[in-house]
Structure formats: structure tokens, C-alpha cells
Amino acid sequence: MTRVHDMGGRFGDGPVLPEAADAAVFAEDWHARALAVTLACGALGQWNIDTSRHARERLSPRDYTRFSYYEKWISALADLLVEKGVLTREDLAGQGAAGLHALAERALKAQNVAQALARGGPADRDGGPAVRFHPGQAVRTRLPADNALADGGHTRLPQYAAGAQGYILRLHGTHVLPDSSAHGLGEAPEPLYAVRFHASTLWAHPEHPDDEVILDLWQSYLEPL
Amino acid sequence: MPHDHPDHPHTLLPPEPALRVKALETILVQKGLIDPAALEEIIDTYQNRIGPQNGARVVAKAWSDPVFKAALLADADPVLAELGYYGRQGEHMVVVENTPAQHNMVVCTLCSCYPWPLLGIPPGWYKSDAYRARAVREPRKVLADFGVTLPGGTSVRVWDSTAEVRYLVLPMRPEGTEGLGEDELAALVTRDSMIGTGLAQVPA
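Going line by line, the protein sequences match chains A and B.
Numbering-wise (our numbering), the first sequence opens with residue 1493 and increments by one.
Numbering-wise (our numbering), the second sequence opens with residue 83 and increments by one.
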């Protein structure tokens, strides 16, 4: 089984409700604060993007479903800060030690924000296993979709595309494997491919015979056919 | 290894979301772990400086310059970097072109991956359960929610952003825009047309 965030293909969610093109970037002030606090904490260097995604996914299904978007962010951030030992439960309860934190010297300063955001965090790496598949080649995705390295762990193979036949569309290069990176097991970079699936392979009632879904999938998610 | 906490630490913070953010921010500031001025800088960047106007400029240039367009579709990263569009959540870009035969649409079913340097912070609907759940299974019904109907001869490709690659849709250039310059063209390029849930505007 995967987790509650893995909702691609799910039924019953109702219409998508588009906003006006000129709607505010942040509907509420606290949304902006939640985003900024999360990004600033990331700069402390205590986790990576895969760890932080997994922290949101590990919210209980009840919380994940009832929380709004930035509630998920801020709640998962609080969980991660405690899990990584940056804050204590006493800190969150308002009963923590006073004074500067040992990591305070790493805090992101205003004058470094532009540079930090512009630098980003590229996921491509040198090395890794040899490229195994070529464009056009038929492949099948892993079934079950679960993380093979950690029980209940982070993975980027959605349930709806598990065990499905697809075709290699392009090679993106060699990228950090989230299934490993999210769990402190190293970056374990692997070739990453865009893989093309016929909608009729994924869904019992596809909307159109020529429609396709493309997913970016790591080499270890795939086997040759 | 993953640890599931039945008593998630976030429950120690106030439940009301605005207060929860404020409480955590206050604790982090007191410990010197975050700098309030840095928060303002981050918010200002995404509220005022980085947004869909960046992507619109790229699209208008691609419509105007066939050599640029060919390079953009072949290998977007160096082309975008030259225009200054690189950074967090846009480190690995792929641009996909809409044609009369094929319409492209982008989603992230697992979270909310989106090309920040070109489109800014994603709109609420892009992050909604309904869009994440439905875009891969019934893209044409989702397009109908946006008032878009595709001809029967157009196939749909939905790109589920499952890795650190980010996708930008190059919408079709509208009819009647032959004489327009890049600035005028950019004004026709909506955010939704670069996600694939809309079409570029037709000049009035």
C-alpha cells in the first residue's frame, strides 16, 4: 500500500474550481508565512526535499484529508523539526530552553535569500548505474508500488501506474532516488526516464483512445518487457 | 526508516492554522533559527517578482523566433538559464508543445510540483485534491471545468510530475496575431495555458 497523498485517478472529488487569473498569490497572510518559514527551515540543512515531502505524506490520513494545503506544510514541518532533533516537544509546547540554538549560525539571512532561491537544488548526479533502457522500449512498472528499501517509505511511483506497461519516451539523466534519499540511505542516483502509458492501460474507461499519461520514473521502478 | 508517530508533535501547537504558523515562527525566531527579514524577502520574491509573467515571456519569444523555439524544445535548461529563469523548483525543465494533434496538460498527483521560476507559486486549484485525483484519469472533463473543449481529433498527454523535472506547456499561438510583437503576445499567454488547462487568449 502507498499513502493517502497518492490520489491520482481517485473518484469522488467533485469539480476543479479554477480561481481568477488575478487572484492573490497567497489567499491568506499565514499561507505566505507558512511557505517562508518552511523554506527558511530547509536552509538549515537538516533534511532534503525528499525528507520534507515524506513528512507531509506521513501526516495521518485523517489530518492529510482535513488539513488545507499550508496546514499540511506547517504541521509536517513541526513534526520534522522534532524528528530531526532541531526542536523538542517542550519547545513546541512553549516550555523549551531559552537562548540561541546551536544551528542559529546557519539561519538563512535576508541578503542571502535571492542567491539561495536562484541556486536551487539540482537533482542530477554523475555516476550511478548504466542506462538500461532506450527510447521506444517497452517496460513494465513495479508491482506493488511500495518503496522497496523501507517499509511504508517514500516513493514516486503512484499506485495508479503500478504494474503497468509503458514505453520509454526520453532519458532525463541520472537523478537522486527519492526512495533512498528520503530515508537517510544515500542519494543512490539512477537513470530517470519519462515513460508513456496509454490511458487505456491505466483506466477501465479512458476518455479517448489516443490519450496518454506520462510519468517520470527511475530505472529501478522498471523492468524490460 | 520511516517512523509513524501516533502522537504527531504538531498537535502540541495551536490547532487554528494561522496561530499554528505564528506559534512555530515565534519559537524559531526566538532561537535564532529563522530571520524575520529573510521571511519577508522570500514572500516578496514569490508575491511580486517571480510569476507567470516569466513563462509568458518565454512563450512569446518561442512564438516569435523559430530558432529559439527549436532550442527550447530540444533542451530547455540552457535556453532558460540564459534568460535568467533558473532556480528552486525549476532546476530541470522540459517544454512540451501543443499542436492541433496533441494537447499537453501538467499535474502532480503526489504533491504539488510546479515550475516556480517560470510560473511562481501554484494556484489553489492546482494543489487541490480534485485536480490531483482527476487530471490523469479524465483530463477532458477537467478541461471542461475550465471551459475548454478540445476537438475530437486532438489527443491529450497528461504529464504527472513525479520527479524533479518540471514541465511548461507551450500553448498554440492564437490566430490573428501575425503582426504582434513579443510584449503584445506575452499579454495573451495566461498562466493556465502554460499548465495546459487553458488556451492562449485571442486578441480582442
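Derived from the structure by calculation, the hints contain no laboratory data.
Among the clues, some could well be false.
As the list claims (entries may be wrong) - Below, simulated EDC-like cross-link-like pairs (lysine to aspartate or glutamate); rule was C-alpha separation at most 16 Å, straight line:
#1 104/B <-> 1520/A
#2 209/B <-> 1699/A
#3 104/B <-> 1521/A
#4 104/B <-> 122/B
#5 143/B <-> 179/B
#6 143/B <-> 164/B
#7 151/B <-> 264/B
#8 1601/A <-> 126/B
#9 143/B <-> 260/B
#10 223/B <-> 1521/A
#11 143/B <-> 264/B
#12 1601/A <-> 122/B
#13 209/B <-> 1511/A
#14 223/B <-> 1520/A
#15 143/B <-> 227/B
#16 151/B <-> 164/B
#17 151/B <-> 126/B
#18 143/B <-> 265/B
Hint-by-hint comparison with the structure:
1. 104/B <-> 1520/A: Holds. Residue 104/B to residue 1520/A sits at ~13 Å (cutoff 16 Å).
2. 209/B <-> 1699/A: 23 Å, violated
3. 104/B <-> 1521/A: 11 Å, holds
4. 104/B <-> 122/B: 14 Å, holds
5. 143/B <-> 179/B: 14 Å, holds
6. 143/B <-> 164/B: Given that 16 Å is the threshold and the Cα spacing comes to 13 Å, the pair holds.
7. 151/B <-> 264/B: 13 Å, holds
8. 1601/A <-> 126/B: With Cα atoms ~14 Å apart, residue 1601/A and residue 126/B stay inside 16 Å; holds.
9. 143/B <-> 260/B: Given pair residue 143/B, residue 260/B holds - Cα atoms ~13 Å apart, limit 16 Å.
10. 223/B <-> 1521/A: This hinted pair is violated, its Cα atoms lying about 33 Å apart.
11. 143/B <-> 264/B: Holds - the C-alpha atoms of residue 264/B and residue 143/B are around 6 Å apart, at most 16 Å.
12. 1601/A <-> 122/B: With Cα atoms ~11 Å apart, residue 1601/A and residue 122/B stay inside 16 Å; holds.
13. 209/B <-> 1511/A: It holds: about 12 Å lies between the C-alpha atoms, which stays within 16 Å.
14. 223/B <-> 1520/A: Violated, at roughly 29 Å.
15. 143/B <-> 227/B: 29 Å, violated
16. 151/B <-> 164/B: 14 Å, holds
17. 151/B <-> 126/B: 31 Å, violated
18. 143/B <-> 265/B: Holds: residue 143/B and residue 265/B sit about 9 Å apart, inside 16 Å.
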